Amino acid sequence: MRFADILNFAWQVVRGSRSRTALILLAMGIGVAAVVIVSSLGEGARRYVLDQFGSLGTNLLIVLPGRSETAGGAPGFIVGKTPRSITIDDAIALTRSHSVKRFAPLIIGTGDARWNSKNREVPVLGTTADYIQVRHMEMAQGHFLPEGDPHHAEPVCVVGMLVRRELFGAQEALGEWLRIGDRRFRVVGVLAPQGQSLGFNTDELVMVPLASAQALFNTDSLFRILVEAKGRERVPDAREDVLEIIKTRHEGERDITVITQDAVLATFDRILRALTLAVGGIAAISLGVAGILIMNVMLISVSQRRKEIGLLKAIGATSGEVKMIFFTEAVILALGGAVMGLLVGKLGQMAIGQLYPAIPFSPPWWALIAAPLTAIITSILLSVAPARRAAQLDPVQALSRR
Amino acid sequence: MIRLSTIERVFLVGDEEVHALRGVNLGINAGEYLSIMGPSGSGKSSLLNILGLLDRPNSGRYELDGRDVTGLGDDELARVRREKIGFVFQFFHLVPRLTAEQNIELPMVLAGIDPAERRQRLNKLLAEYGLEDRARHRPDQLSGGQCQRVAIARAMSMQPRIILADEPTGNLDRNTGQEVMALLEKLHADGGTLVVVTHDNELGSRAKRRIRIVDGQIVGDDSGT
Ligand SMILES: Nc1ncnc2c1ncn2[C@@H]1O[C@H](COP(=O)(O)OP(=O)(O)OP(=O)(O)O)[C@@H](O)[C@H]1O
Ligand SMILES: [Mg+2]
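In order, the protein sequence lines correspond to chains A and B. Take the first sequence: its position 111, counting from 1, is numbered 111 in this note's numbering, and each next residue is one higher. Take the second sequence: its position 66, counting from 1, is numbered 66 in this note's numbering, and each next residue is one higher.
Same shape as in the complex, but just chain A (with noise of 0.2 Å):
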């Protein structure tokens, strides 16, 4: 027999059984459907998280003076002495690496800030321009501290919403001086709100150059610096890099700690593709209940067709087309079902996706390839008994009567 002939032959019943035929895809559709959706459920959620900690920087690295066992545990368990502190020249030195694209020094205190009559206690931050780029920030007002030479302490400052409405009020905060501690800075820009991220508010922030910092807490040394990687990808190198200058820089000694953000990431990752892939499990036995389905339904497809196979074989079918002729009908019900599942998995995911336009929302590519296989497979290990069954049919007894 012809596969050709096989298909046609198998296609007529399948289209002649109409309700039946109804029936398998439903089921099959609802169980392939259901692994699509929870799936995109799972990877959905799993993608708004990683977005949420992507936004603070995945190609960012943290350098923090001390040395600490377990890189990205509790940063500053110092080993032995008091560490060599990182100065802003081992700064500047990490740009020799390829891998790092830019960098920021960070020196944090805590300074009075004055205007007119108004006074109020704030974190001051000194770093250079590039924070703003390192760490993916706004400005509502201004501009950012200015480019330049990190040594040179240029009196002005960027300050935070919460400190701009609470010293200015209603008022112009730009071009205002602000004094803190015994310094004078000029107002230069103001933040967008940006909520708390790396621990602290920046609402609540005034930031002035690294060097204006460093002359108002009296201090060389640097609190941390956060480095950003060319890609993703190069966070590794650049991590390898930074230590590697810092150490040549330092006589030889590993006296850092390097954090990066993609360790954390990582296990997040992990279990959050871990919870996706044990959801998509427990949706995927509905495709087990299919597939038991189709092997119902197969079974009393035989039995109402035993004349049928009966005439089949008395006209010179072998056993083997006969098996074949069913199994044929079994996969291609299979094949039905799986690719209406994927369309109505398609449509319910789009569906919940307009609902909840924030999560995005999207099968991933394993759901899309497991769902309809697992769905086909079952039903295909599932046809065989009644396949076989229907072979092994006793021409005679199918034709009589009895």
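If you are wondering where the hints come from, they were derived from the structure by calculation, not from laboratory data. All values derive from a computational prediction rather than experimental measurement. Misleading hints may appear alongside valid ones.
As the list claims (entries may be wrong) - Output of the computed footprint for chain A on chain B, the stretches with three or more beta carbons under 8 Å from beta carbons of chain A: (1) 32–39; (2) 48–60; (3) 74–83.
Ideal Cβ positions, reconstructed from N, Cα and C, are used throughout, including at glycine.
Position chain B with the ligands relative to chain A; hints supplied.
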């Protein structure tokens, strides 16, 4: 061409053995026209099924065209059936969801004959059996006589040399029955071997050779006119 020797067919019904055929010896030459008659339950269908390789005897030997087919495997039997034997049944056994022409085509489809050749033979058969304007009708839209014509056309589609018919007119009225018999006899006239099982004495006596079977044994083999 066909040689049955000491064929036994025993069915087990519960603990009881039912002897459908007991020591049947029968030789049939190519181009013969046989009728098999006998009371109900005498083993006519059992004999026909064995002749048609649908069933296997419990013992005895069956030679077809000089070849011992008693021990052949299922697939081999299916192949012999497809090439040499055409069946016509009392209850037509058409596939209800297929059209008349699809039913007729079925043996050729199973044999893997290519579609162009199939179409050609199909057209010839449809014309021969007066089914052209019924080609696309399904069996439930056909009369009994038309159904049996479709079934005969189907049996003939592989151009077998042996036609076995088990009460082909059993479900038809007298006139239609005569028509169907005429069609079958035409095959015989064209040189085919025809074996007809029937209850009807009149139909049975149309055959050149009349076999009578009672209780699983051949009790009469009459070749007179
Ligand atoms: N599959 C079977 N299982 C058990 N007994 C069977 C089977 N097939 C046939 N028989 C028995 O074998 C005997 C012969 O049956 P068979 O069908 O050959 O008779 P028949 O001559 O064709 O009868 P009818 O004229 O009613 O068709 C009967 O007694 C029947 O009950
Ligand atoms: Mg009978």
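To see whether the hints hold, each was checked on the structure:
1. 32–39: violated (count 0)
2. 48–60: Satisfied; 4 residues make the cut.
3. 74–83: holds (count 7)
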